[in-house]
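Colleague: Chain by chain, the residues run as shown.
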Amino acid sequence: MYRILREVLRLGKVGEKPPRTQRDPASASPSCFRHSLGIRHVDAGSCNGCELELNALNGPHYNLEQAGFRFTASPRHADVLTVSGPVTRHMAAALQDCHTAMPAPRRVIAIGDCACDGGVFQGSYAVVGKVAAVLPVDLQISGCPPDPDALLRGLLRISGEQVNS
Amino acid sequence: MPSPALRVLTDFKRWATPLPVWSGRLHAADWPLTARHIRTQGGRLLAFWGEDRRAEESAYLVHAAFLIATGIVRTEMVVDPATAVYPSLTSIFPNALRMERALYDLLGIRATGTHDTRPWLRHAAWPADRFPLRTDFPGTDLDVAADRGYAFPPTNSPDLHEIPVGPIHAGIIEPGHFRFQVLGEEILRLEERFGYAHKGVERLFRGLDGAAGARLAGRISGDSTVAYAWSYAQAVEQVAAARVPERAQWLRALCLERERLANHLGDLGAIGNDAGLAFALTQFQALKEEFLRENQRYFGHRYLMDRILPGGVAFDLAATDIAALHGAGRALETAIGHLQEILAEHGGLRDRVVQVGVVSPERAAYLGLMGVAGRASGQAWDLRVQFPPSPYDRLQVRMAVAMDGDVAARMAVRFQEISESLRLQEEILRKLPDGHPYHPLDLREAAGEGIGWVEGWRGEVFFWLRMAQGNIRHCRPQDPSWTLWPVLEEAVLRDIVADFPLINKSFNLSYSGHDL
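One line per chain: the protein sequences are A and B, in this order.
FYI, in my numbering the residues of the first sequence are 1 to 165.
FYI, in my numbering the residues of the second sequence are 1 to 516.
Certain hints may be false.
Claimed, not checked - The calculated label-pair distances, taken between Cβ atoms and stated as ranges, are:
1. B/SER419 with A/ARG3: 12 to 22 Å
2. B/SER419 with A/ASP149: 29 to 39 Å
3. B/ALA170 with A/ALA104: 20 to 30 Å
Since the hints were derived computationally from the structure, they do not count as laboratory data.
Even for Gly, the Cβ is constructed at its ideal location relative to N, Cα and C.
Whenever a hint applies, use it, and build me the whole structure from the sequences.
Modeller: Here it is in structure tokens:
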């Protein structure tokens, strides 16, 4: 126990200040999203690079819960659906089921180049090509993969905040 | 070189490559004979794929690459389009089963002599009588309906309980389906069902030039982008008979070791978390995040994507970068040392990881395991040791091995490999040769076949490709997960359902790299 405490103290506080934000009056997001988002993530056939960054976002540097955001294990508990990958045909039905299972109000974020426009997998017989072809998408976060900071800024925007650069 | 018994069957030609590869064409009747002979000599099946060559030689080709003591034996067999069948290798190499099922889904040629003819990679996206790797695949009648007709073996007792999991999981992981049959808490049977991440990668490669191919290769499995990009580059450079600058080879090895470090750090934290030790998750995640930021700062990408190109690497390190990386490496080594001590002596963690998810060395040998999971079950196989490409031939890699084959052993192998990768990084940075890190290749006339083979963090990544007029005609990237996924079905037996996430994480296999 002593050694665990020693390591905890040695690591110290690595959490960083989140980007500065203010309430966005033009935001279409419901006010109940403010500082409180349940996020359900679905990998619709990504290369797993986006999942690495989502897991990194969950780490101690980014203080996700301090912003009031947390990943949920069930779509029933989620306000936001994040989707990565070019939406393989084999995942399209499961993705739609997941979206249907979410309570309203709900939002969809396409994460990464593949989810935005198919990325390097665009044109394959096995993919639909982008999340917007299957679900109504409210926000796209490009990048291959988008880094945790870009993901956090996207989540803040969908929660109704205006993010200062 | 292949044994005299094999050389009777066909004339094996040695490729003019640094990697020892012998290549030959076999008659269908000699196909299982060859495999059985290689098996009795202690060989393994590395990769298995097919090709539509009806336009060139009025036939399909089935390829297999085997490992023997002295290198790779690459064989091909002509399959008559009129019958479209070939003899199965499954009874000799069990990892061939899913590859043969997938080959039918994609190319429409059937292995005879197996009972399992269910689709593997195909769900409902394309009709059962259309095959995407055939040149005349129409690409129409495509569907997005869910495949609800897959025949899982039925439970045959009213006392058994069935748990379907996936394709969407509770955590942030890739899509796949697991079907458990349990008695109370105990897992009596697990069957995997994959293909959800199938993106048609093999067909997408067709017609790509060297640079576009590199970009796609780096996205077959994002966590192994370096291993794929390097093995792809090896194959292309082989076709072009190109020499790669020394400095580039050393920088590639540096990238590969850093990819190993990043993934092992992540896995150790996640295994700790699945065992209920949140302390481990936080500590390792913090170390990994700092490490990824170094990647961004000095290499230009957090996961080192698109850093390796045919002809060299897309970055260079300045003397100040090298000094900074030295310092960061030493700090990481100290931190890991402390964590390893704590985890090794933590009773609560040991309770969860010792004698859980066991794969015995005998089973591991039978199933042809390699990589982290293989080495944790006594399979002393590491490409960097047995067939070291430059610069590993001058680095004398020390292989990590454990014998217990449980979750604890897979953790121990990762800890050993972190130390070794940090030592390798130190040496690479110290001995890095001068010169240019990139020499552009002239691929306009590139034609022929090439093989790449790299010891990625998970296991060996194999890449075969055929080029013509500078473009890729056909390719086969083979992820170690093809061979490792089936063993998970065995490793969880007699353990309880709650241990599944932990055991699964200790393997951490790729869905995307497998589903292609």
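Colleague: At the C-beta level, are B/SER419 and A/ARG3 separated by a distance inside 12 to 22 Å?
Modeller: Because 19 Å falls inside the window, the suggested range holds.
Colleague: Taking 20 to 30 Å as the hint, is the beta-carbon distance of B/ALA170 and A/ALA104 inside that range?
Modeller: With Cβ atoms ~22 Å apart, the hint holds.
Colleague: Taking 29 to 39 Å as the stated bounds, is the beta-carbon spacing between B/SER419 and A/ASP149 within them?
Modeller: Since the Cβ atoms of B/SER419 and A/ASP149 sit about 31 Å apart, the hinted range of 29 to 39 Å holds.
Of the numbered hints given earlier, the model fails none.
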